[in-house]
Amino acid sequence: MTETQPAPARDDPGRAVPAIELAGVEKAYHAYGETVAAVRGVDLAIAQGEFFSLLGPSGCGKTTTMRVVAGFEEPTAGRVHLHGQDVTGVPPNRRDVNMVFQSYALFPHMNVFENVAFGLRRRGVPKAEIAKRAGEMLDIVDLAGRERRRPAELSGGQQQRVALARALVNRPRALLLDEPLGALDLKLRQAMQVELKRIQREVGITFVYVTHDQGEALTMSDRIAVMNDGLIEQLGTPREIYEHPATRFVAGFIGTSNLLGGEVAEAGGGSAVLLHGPDGRIEVPVRDGVRVAAGERLELTVRPEKIGIGLDKPGDDVCGVRGTVTEVVYLGTSTNYNITTSAGADVVVFLQNATSADDIAVRGDDVWLSWDPRHSYAIGAPQ
Amino acid sequence: MTGVRGRLAPYLMILPSGLWLAAFFLVPMVLMVSLSLQTGNLIDGFRQTLHWQNYTDGLSTYGDKFVRSLWYGLVATVACIVIAYPAAYWIAFRGGRSKSTYLFLLLLPYFVSFILRTVSWKLVLTDNGPILGPLRDHGILPDGFHVLDTGVAVVSGLTYNFLPFMVLPIYVALERIDPRVVEAAYDLYASRLQAFLRVILPLSLPGVFAGVIMTFVPVSSDYVNAEVLGGPQNTMIGNIIQTEYFNNSAYPTASALSFALMAILLVGIFAYARTLGTQDVLEAARR
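Residue numbers (the numbering used here), protein chains in the order written: chain B, 165 to 547; chain H, 1380 to 1666.
Think of the hints as simulated: they come from the structure by calculation, not from any bench.
We put the beta carbon where it would ideally sit given N, CA and C, even for glycine.
Be aware that a few hints might be false.
[What the hints assert, rightly or not] One-sided excerpt, in silico: chain B residues whose CB lies under 10 Å from chain H:
| hint | residue |
| --- | --- |
| 1 | G235 |
| 2 | P256 |
| 3 | V261 |
| 4 | Q266 |
| 5 | S267 |
| 6 | F271 |
| 7 | R337 |
| 8 | L340 |
| 9 | A521 |
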């Protein structure tokens, strides 16, 4: 099922050509004499066979970016390459990518088979082959036997799978999915996430998945680009993005994150030590690009499940911050603690309830928070 | 208590319209059917004689007028589709935020009285009018050329007068099409023409279907356009009915002609609905 494309490399013949490459893509809309920038300069290279997600809140430019790839929007600036070919300015019907629309956009006057066969018919594929390929695809999405149904006679989940089959049957070089699970209820959505991932492995086609749901993106993606305000904030694997949010926005958007600040006491050798409150000490690795100098303030993030709670001051090899417990919420598998540090920062801590022992601390207790310096992630000076 | 009221509510709601229809539609219809089978004259009075010849005589005498009415109706309806569809399409897909303004502009002439509009058409089409006059003066049209008092004048008047009944249902059908569905067609390699033929047109056919019914019936029974624009050579059945009723006081003949026309239109529309209004048309459009 995997497409074997001759794929002429553009610059480096030794390197695999990306399925999709965006170079400096910008898109602005003009309305009422005002110019609104939806996408403000996106550079991306999506590898063949990759499950790639564009993640961000509504209005961040993720859907516009996808529509630029599909050809529904022409970029105001920048180029779009599909398998090394510049397709900027090529209309959607002559681009080798297919789209799964948020509302599915099935043809209401056609039955399931005709919907799936639509693209193949437009390309003049012989009848017998259309029947064979559509049949195979309907098998993959588990809709065999429903060929004669109209979209209106199908459930939301089934319509969604028809939309998927209708796009995939054409064996596009990339499949673009615009919040395809948004209209489904939670149970179905979770089942479809697993299903989508299975289908993607089965057909081996590059998936570009647009979503505002971080859970969806983390579950399915090989890589994620987190977008905000028309720009990519961070691009990486789900683990990288979760463990090491590069910006304040990513830290806040993906999962729960604690934001802590402090004055830099010493810096150098790829790490810095911060003073937090009268007795708090935080060590943080410093990447290239984050400017750190002694005496300046620095902010960092640390995930709630990385923090431990103790009654005694931890050793100097870990980060230690003193605080007061303001809330304890028992959740069964874990317990959430809200703590205000001695410097006045609010911190959330998730502790797994590995034993049936009582909670480590109760409301009002003075405690020490500790974590491995590797879990501190510097994001720059406070805003 | 609420149960009884709940069960009565639907009937109470249709009561006013039911009474209205009974008083002003059903009763006159029965009276007219009865009248169409009577014989007599205005001075001696009319008597019920079950005179079916009123129908056969009417059809044989005015058969050509029936044919002409249906022919004019057909041509005007087709002309309405040809003019209305692109206009409705443009407003629905290209109208943007000003859709309702464009629709209003399209309907604006129809706020003027029907008679006045038709008479103004007469002024437009007259031999020395603003269109034909200059064209003839410049030698573009031959001296003997005229439009008024021809079938063309009647059909163009009918087309003009009934255009909104075609535009509105087509517009509504096009407006309801999800633009994403059209995008999906482009995404699946359809050219503009293919997207139109395979997706937009089939999805808008219900609107065309409704438009045809709403124009063909009133156009075929119209008499004002033929009266004002057609002259004595191009009368439609509506003119005959009018003359028989108001000028000749031949009430039974006029009634019989009316019912004959109604029956023909009903049969025609029914046949049309059976062949074109079903899924078969949509099925055919999908191939």
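Here is how each hint holds up against the structure:
| no. | hint | in the structure |
| --- | --- | --- |
| 1 | G235 | 8 Å, holds |
| 2 | P256 | 5 Å, holds |
| 3 | V261 | 8 Å, holds |
| 4 | Q266 | 8 Å, holds |
| 5 | S267 | 6 Å, holds |
| 6 | F271 | 6 Å, holds |
| 7 | R337 | 13 Å, violated |
| 8 | L340 | 9 Å, holds |
| 9 | A521 | 55 Å, violated |
Figure legend: structure checked against the earlier numbered hints; hints not met, in rising order: 7, 9.
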